[in-house]
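Chains as they are written, first to last, in the working numbering: chain C, 7 to 399; chain Y, 2 to 299.
Hints were generated in silico from the structure; no laboratory data involved. There is no bait here: all hints are sound.
The calculated DSSO-like cross-link candidates involving lysine-lysine, where the alpha carbons are at most 30 Å apart (straight line), are:
#1 K236/Y to K273/Y
#2 K273/Y to K393/C
#3 K48/C to K188/C
#4 K11/Y to K44/Y
#5 K27/C to K62/C
#6 K62/C to K88/C
#7 K290/C to K273/Y
#8 K308/C to K325/C
#9 K111/Y to K199/C
#10 K228/C to K175/C
#11 K175/C to K115/Y
#12 K137/Y to K308/C
#13 K316/C to K350/C
#14 K188/C to K175/C
#15 K308/C to K290/C
#16 K175/C to K111/Y
#17 K192/C to K29/C
#18 K111/Y to K192/C
#19 K111/Y to K228/C
#20 K199/C to K115/Y
#21 K371/C to K137/Y
#22 K88/C to K27/C
Sample of chain Y residues at the chain C side, in silico, Cβ under 7 Å:
#23 L166
#24 Y168
#25 E169
#26 E218
#27 M254
#28 T285
#29 P286
Here are the simulated distance ranges between beta carbons:
#30 E264/Y to N380/C: 37 to 47 Å
#31 V97/C to R252/Y: 12 to 22 Å
#32 G167/C to G298/Y: 48 to 58 Å
For glycine and all other residues, C-beta sits at the position ideal for the given N, C-alpha and C.
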Amino acid sequence: MNIHEYQAKELFDRFQVPSPKGKVASTPEEASAAAEEFAGAKLVIKAQVHAGGRGKGHFKNGFQGGVHLIESPAQAAEYAGKMLNETLVTVQTGEEGKLVRKVMVAEAVDITHEYYLAILMDRATCRPVIVASTEGGMSIEDVAHDTPEKIIRQFVHPLLGLQGYEIRKLSAALGLSGDIAKQFGKLLANLYKLFISLDCSMLEINPLVTTPDGRVLALDAKFGFDDNALFRHPEIVAMRDTSEEDPREVAASEFDLNYIGLDGNIACLVNGAGLAMATMDIIKHYGGEPANFLDVGGGASKEQVTAAFKIILGDPNVKGILINIFGGIMDCNVIAEGVIAAAKETGLPIPLVVRLEGNNVEAGKATLGESGLNIVSADTMADGAQKIVAAVQ
Amino acid sequence: MAILVDENTKLLVQGITGSFGARHASLSLAYGTKLVAGVTPGKGGHNFADFVPIFDTVGQAVEATGATASAIFVPPPFAADAILEALDAGVELIVAITEGIPVMDMMRVKEAMKGSKSRLIGPNCPGIVTPGHGEKSHGGCRIGIAPGYIHKRGNVGVVSRSGTLTYEAVWQLTQLGYGQSTCVGIGGDPINGTSHLDVLQMFNEDPETEAIIMIGEIGGTAEVEAARWAKENCKKPIAGFIAGATAPPGRRMGHAGAIVGGEEDTAQAKKKILAECGIAVAETPSDMATTLLERWGK
Numbered sequence: 007m008n009i010h011e012y013q014a015k016e017l018f019d020r021f022q023v024p025s026p027k028g029k030v031a032s033t034p035e036e037a038s039a040a041a042e043e044f045a046g047a048k049l050v051i052k053a054q055v056h057a058g059g060r061g062k063g064h065f066k067n068g069f070q071g072g073v074h075l076i077e078s079p080a081q082a083a084e085y086a087g088k089m090l091n092e093t094l095v096t097v098q099t100g101e102e103g104k105l106v107r108k109v110m111v112a113e114a115v116d117i118t119h120e121y122y123l124a125i126l127m128d129r130a131t132c133r134p135v136i137v138a139s140t141e142g143g144m145s146i147e148d149v150a151h152d153t154p155e156k157i158i159r160q161f162v163h164p165l166l167g168l169q170g171y172e173i174r175k176l177s178a179a180l181g182l183s184g185d186i187a188k189q190f191g192k193l194l195a196n197l198y199k200l201f202i203s204l205d206c207s208m209l210e211i212n213p214l215v216t217t218p219d220g221r222v223l224a225l226d227a228k229f230g231f232d233d234n235a236l237f238r239h240p241e242i243v244a245m246r247d248t249s250e251e252d253p254r255e256v257a258a259s260e261f262d263l264n265y266i267g268l269d270g271n272i273a274c275l276v277n278g279a280g281l282a283m284a285t286m287d288i289i290k291h292y293g294g295e296p297a298n299f300l301d302v303g304g305g306a307s308k309e310q311v312t313a314a315f316k317i318i319l320g321d322p323n324v325k326g327i328l329i330n331i332f333g334g335i336m337d338c339n340v341i342a343e344g345v346i347a348a349a350k351e352t353g354l355p356i357p358l359v360v361r362l363e364g365n366n367v368e369a370g371k372a373t374l375g376e377s378g379l380n381i382v383s384a385d386t387m388a389d390g391a392q393k394i395v396a397a398v399q
Numbered sequence: 002m003a004i005l006v007d008e009n010t011k012l013l014v015q016g017i018t019g020s021f022g023a024r025h026a027s028l029s030l031a032y033g034t035k036l037v038a039g040v041t042p043g044k045g046g047h048n049f050a051d052f053v054p055i056f057d058t059v060g061q062a063v064e065a066t067g068a069t070a071s072a073i074f075v076p077p078p079f080a081a082d083a084i085l086e087a088l089d090a091g092v093e094l095i096v097a098i099t100e101g102i103p104v105m106d107m108m109r110v111k112e113a114m115k116g117s118k119s120r121l122i123g124p125n126c127p128g129i130v131t132p133g134h135g136e137k138s139h140g141g142c143r144i145g146i147a148p149g150y151i152h153k154r155g156n157v158g159v160v161s162r163s164g165t166l167t168y169e170a171v172w173q174l175t176q177l178g179y180g181q182s183t184c185v186g187i188g189g190d191p192i193n194g195t196s197h198l199d200v201l202q203m204f205n206e207d208p209e210t211e212a213i214i215m216i217g218e219i220g221g222t223a224e225v226e227a228a229r230w231a232k233e234n235c236k237k238p239i240a241g242f243i244a245g246a247t248a249p250p251g252r253r254m255g256h257a258g259a260i261v262g263g264e265e266d267t268a269q270a271k272k273k274i275l276a277e278c279g280i281a282v283a284e285t286p287s288d289m290a291t292t293l294l295e296r297w298g299k
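In isolation and in its complexed conformation, chain C is listed as follows (with noise of 0.2 Å):
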């Protein structure tokens, strides 16, 4: 799950971790208001969406670039209302664009130096690692990459928590000192405590910038959370933009289904998640791509079955879908019912090949084979792949 950027301001601003001075805002006026309340400083007005690649994209309605630099309230007011309600693309947001319902009036600050600063769970040694870097405001893989020795890391202990002299040891390897030193330790300590408050599994600023008015700031961050605890955090939660997901992702999860859109044109419908990547790879080995990741969960119900079968119709790019089960526990009858069910709903347009194994396998077939419907039965994964391969081809 991703949050916007006046979102993330607003977890700095409850953990006190300190970012410039900005203002959300919805209309023309609001932005107008909040240039107000910052008059003096230099400001910039950002549309809100999650692609990156604002400052270059461009609107739909001609309108050049979704961040600049504002001189007046009115300005404000100007370009909130060239950006509001409007459709950004970015290069990352692809032709079809993103709808900006927000933009934020932020100050634009005078950087001294950029850093890098993030913490991520390793998975490693199981315990948060913040990593580190006087190279800040490019890309760490590139940092990492080109000059390690200037990546610093430090592992904090899963029980006691990030202690002061690992935040000197980090300011001091940064060479950072006197008042600056004091800031940052202040800021990294209120950003440890954010990471673990609201179960992060990653958190990255970069940069986090030093002004020439002898500031300490986070200028740009990103987060990630931790979908499994998302269950004691309903304020995160309830930032989720469903607007900015994939459509069809956001159909499959109010199913409880895992559902990851891809790019190519076999659909495939499985339970398990491990079993459904390699029914992804399958289809790949075979010439085919894989339109989506889907595991209906090992306890799928008819009505699962049904809603997965119509997100999958729903891609216009599926020429054809390959149902993989292996039916341990779960009866694979029902999962025939559930196709059938389906496909009885929304018509069976392209070619379906079914591999059912596993527990109540034969009445599965059955099912299958009496609906009247053209399906085409497979005995191995190998098997229904290549079928399936064929069928679109």
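Dock chain Y against the given chain C, drawing on the hints supplied.
For chain Y alone, kept in the frame of chain C given last:
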């Protein structure tokens, strides 16, 4: 022999009165597993399936029944607490089936378990099966959610992060006439109790296990660590499969741990290292058993 559990292992189930736990506790009983106790706070004094006593705490269950293994079916918000309770009660083998436990919770549990004598398998895993000698492998020890009937007692050890891919491999083996010593699902979460490497080491020392199938997926480096160890230390034939060759980077593929973070944890990179370490890598998930048999010289 087999590893971790056998037909004499005394099992308790935490969360036995929930629908998920109850269903699978019944299936374990039907498989012939020695299910000796259930635990659900507040339900102590009742029986499960008429004759399996339910206790309020794991400590009471262990004391009364001598259970040494626990299967955890407790919902995610309470699962970490359930694992810690089993640890406190001295349960030797804790198998956490629960999917969706917050990573921070598992981070703390993992730290708390350091230095203890308990082993954790999972979470977010299908569990463990040591097949029995009866018809359709009846009489074995089934902890978790795997279908018992697909197994057959034999000499192949199977270790995997994924449930359904484990079943796929087991079923392929069984249909070709080759049975399993023990099948271990270590789970699809980023932080888990037992790694591929841990299980490979156990299979290597188990006289009943003659060959091994190791199934992995994108994300993390666990399969690679296991392969590097095996290259130097494991004399038994191993076949491997890595799922997720077609997974887009940065997306979580169902399993919380199945996410490509960098060049090193892609399926392609892992397969290459597995092959370099002498593991026979199956081209497709349909070939897991045949790839093993070929390497095994069968």
